[in-house]
Amino acid sequence: MSEPTPAGEPAVREKSPVNPAVEASKNFGITPEQYMLPASSEIRLLNPDGSAVPESEQGQEPGHEYPMPEDSRLLDAYEKLVVGRRINDQNMALVRQGRMAVYPSSHGQEACQVAAALCLEDDDWLFPTYRDSVAVMSRGVDPLEVMSTYRGDWHGGYDPRKYKVSVQATPLTTQLLHAVGVAHAAKLRGEDTVALAMCGDGATSEGDFHEALNFAAVFQLPVLFLVQNNGYAISVPLSSQTRAPSLAHKGVGYGMASERVDGNDLAALLSVLGRGIELCRQGGGPLLVEAMTYRMQAHTNADDDTRYRERDEVAEWVAKDPITRMQHYLTGQGALDDAASERISEHAEAMAKRLREAMAHKPELDPQDLFRFVYHEPTPQLREQAEQLADELSREEA
Amino acid sequence: MSASKVSFAKALNTALADAMEASREVVVFGEDVGTLGGVFRITDGLTARFGRERCFDTPLAESGIIGTAVGMAMNGMRPVAEMQFDAFAYPAFEQVASHVAKMHNRTRGRLTMPLVIRIPYGGGVGGVEHHCDSSESYYAHTPGLKVFTPASVRDAYVMLREAIDSPDPVVFFEPKRLYWSTAQVDLDELREQYENGSLPRREGHAVVAREGSDATLISYGPSVPVCLAAAEEAAKDGMSVEVIDLGSVVPYDDGTVAASVRRTGRAVVVAESQGFASVASEIAARTQERCFHSLAAPVLRVTGFDIPYPSPSFEHHHIPSSERILDALDDLQWED
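From first to last, the protein sequence lines stand for chains X and P.
Going by this note's numbering, the letters in the first sequence line up with residues 1 to 398, in that order.
Going by this note's numbering, the letters in the second sequence line up with residues 399 to 734, in that order.
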């Protein structure tokens with residue numbers, strides 16, 4: 001922070017801040033606009049059949065080159081992918097059995113979930129939505145703490161400060177502004193924290209999406225906005241949300257660089273997000289990344305997706321599944337043998353078992369918790385109401 | 399150190415500067431608060447003194463201002479955000495109602511929201527549409543928020559310091575027609591008393607602004623001076639009227655109000671906001687519930703009409719006046 005000037009002196013007028021995209025573009029010999037726009041096609045390192053995209057076919061536009069991550073990193077990520085899929089499917093089963101109130105599954109989007117968590121350092125912050133439970137768990141939050149929300153026990157289960165993971169946002173894009181604020185506070189203190197803020201394609205129509213991207217750009221904050229474009233906002237297709245060439249194209253309007261990536265290609269995601277986070281850390285943020293993916297199941301258990309999309313369309317995306325793609329690639333590389341596969345699948349089963357066992361028992365809930373956390377210092381009115389309820393309950397028991 | 403003539407605006411400005419001096423966690427931002435010093439000059443000189451990292455202009459977007467304040471509070475700061483006018487705060491309402499108010503509860507107290515939302519409010523300044531709303535009831539109705547509104551120069555200083563130091567989020571309503579009111583106050587002494595903890599807390603405590611024995615006027619913010627004027631008039635007719643200045647709307651001080659009304663047996667609630675489903679309604683109901691057996695007359699309300707805030711040429715009809723308060727006092731079923 002700059003030294004305070006003596007009282008009474010008029011404030012100096014703001015100078016136009018230097019746009020980091022302008023600086024970066026000099027290195028590539030392209031215009032700032034070209035730098036900010038996404039590559040002409042989405043970044044992909046692995047084909048749906050698991051073969052590596054030949055370098056000659058990858059986007060080689062200046063400023064859009066992305067290296068293939070190391071096998072060991074991919075194997076670690078693959079394990080989280082398999083565990084994430086198992087948790088998604090286990091939770092849907094628990095909802096059907098009435099053991100959980102609701103679960104918005106990210107089945108099909110697990111590559112985005114895992115990559116978002118893995119590209120962050122310990123001191124970075126993740127801002128997930130209600131559909132991003134697998135991202136939250138991949139960051140290290142205990143699945144049972146995450147599931148307390150969906151079991152209906154409390155609106156948030158884990159400690160956001162401990163994990164540097166904000167509460168899963170239910171309103172759309174309100175959390176993007178919180179990410180901007182967290183990054184702003186860190187910048188004021190001179191810390192190199194980066195915030196990764198997630199939202200969906202439909203959410204980009206919300207006003208807070210615009211305000212968050214604009215604030216982040218104006219204050220040059222280290223925020224990476226990750227839009228998981230899964231094609232639908234419940235039932236409404238993206239074509240009814242926007243006429244933009246792509247959601248990534250919105251970045252240039254705010255003066256930030258953007259990229260589009262195959263959201264079912266974990267290798268491409270790790271590479272694009274990894275470089276994005278690094279750019280943010282070096283002061284080149286904010287950035288916008290659009291990941292092209294697909295929600296394989298209905299919006300939630302309460303939704304019926306046969307009313308708004310064809311089965312053929314869903315089937316097409318089965319062939320682009322993020323897990324089989326990575327499995328084929330790693331097997332071909334010799335990095336995933338039978339023993340490793342078995343170990344990973346045992347890990348996933350153990351996780352599912354733990355969830356089943358935990359959800360079989362309702363925990364003891366204290367009705368006084370209703371009043372305990374409304375304020376740090378409760379009002380006298382709330383204390384009275386807490387006593388009223390306690391009194392009522394004690395009379396019921398008597 | 400000695401008392402001097404201090405304006406309400408200067409008291410607020412000094413409170414902000416003192417809070418920023420006391421803690422580097424305090425940052426001030428909003429529209430035009432930097433170079434200009436705010437359209438009401440409440441943040442005048444703060445950017446020059448503390449740097450533009452700590453007092454800065456934001457893009458023109460209220461949800462953005464409050465949403466980023468939430469993030470800053472999550473990450474160890476104590477943001478003080480200015481909404482330029484009452485009705486311009488509405489775009490931020492989702493952030494306020496869904497996040498500022500609920501974050502502490504949602505996280506079981508793991509995240510606190512020590513932020514202040516300053517809102518210049520109310521009419522009486524000849525303002526055009528969207529510049530004169532009394533919007534406190536929306537916020538007072540929202541669990542998780544605290545709502546302060548000072549009516550005196552001294553309280554302007556003390557309550558803003560309390561709001562900034564509060565671990566809970568405070569919506570701080572500044573009666574804009576009192577900005578230019580003055581009083582003899584020693585700000586240096588007040589600062590010292592506040593900082594050494596010798597002042598009684600104002601949060602949750604109503605004060606008796608004028609003592610009386612025949613009837614109680616319960617009020618807050620811009621209506622308190624009107625009540626004091628009405629009490630002065632009533633005294634000429636031999637009526638002793640007590641005036642209570644809430645200051646802290648949430649938490650509400652049932653005790654002080656009930657003690658007064660039980661003693662006087664008569665009460666009128668006075669507020670500038672439209673009256674239907676308002677803070678004034680809540681006060682009237684609570685007073686009735688607690689003081690029924692001491693009351694000689696129903697609790698009355700004198701409030702703005704249930705209309706959109708009128709144009710400047712009409713506003714004198716809408717704002718509770720001393721005459722309307724005196725009429726209400728006359729209606730309190732006096733025995734001859």
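Calculated from the structure, these hints are not laboratory results.
Please note that the accuracy of each hint is not assured.
Keeping only pairs whose Cα atoms sit at most 20 Å apart, straight-line, the calculated EDC-like set for lysine to aspartate or glutamate is [said to hold, decoys possible]: (1) K26(X) / E57(X); (2) K320(X) / E145(X); (3) K187(X) / E609(P); (4) K634(P) / D728(P); (5) K162(X) / E206(X); (6) K187(X) / E423(P); (7) K353(X) / E65(X); (8) K164(X) / E206(X); (9) K187(X) / D455(P).
So, going through the hints one by one against the coordinates:
1. K26(X) / E57(X): 25 Å, violated
2. K320(X) / E145(X): 31 Å, violated
3. K187(X) / E609(P): Violated, because 52 Å separates the two Cα atoms, which is more than 20 Å.
4. K634(P) / D728(P): 14 Å, holds
5. K162(X) / E206(X): This hinted pair is violated, its Cα atoms lying about 29 Å apart.
6. K187(X) / E423(P): The hint holds at about 13 Å.
7. K353(X) / E65(X): 42 Å, violated
8. K164(X) / E206(X): With a Cα-Cα distance of about 25 Å, the restraint between K164(X) and E206(X) is violated, given a limit of 20 Å.
9. K187(X) / D455(P): 16 Å, holds
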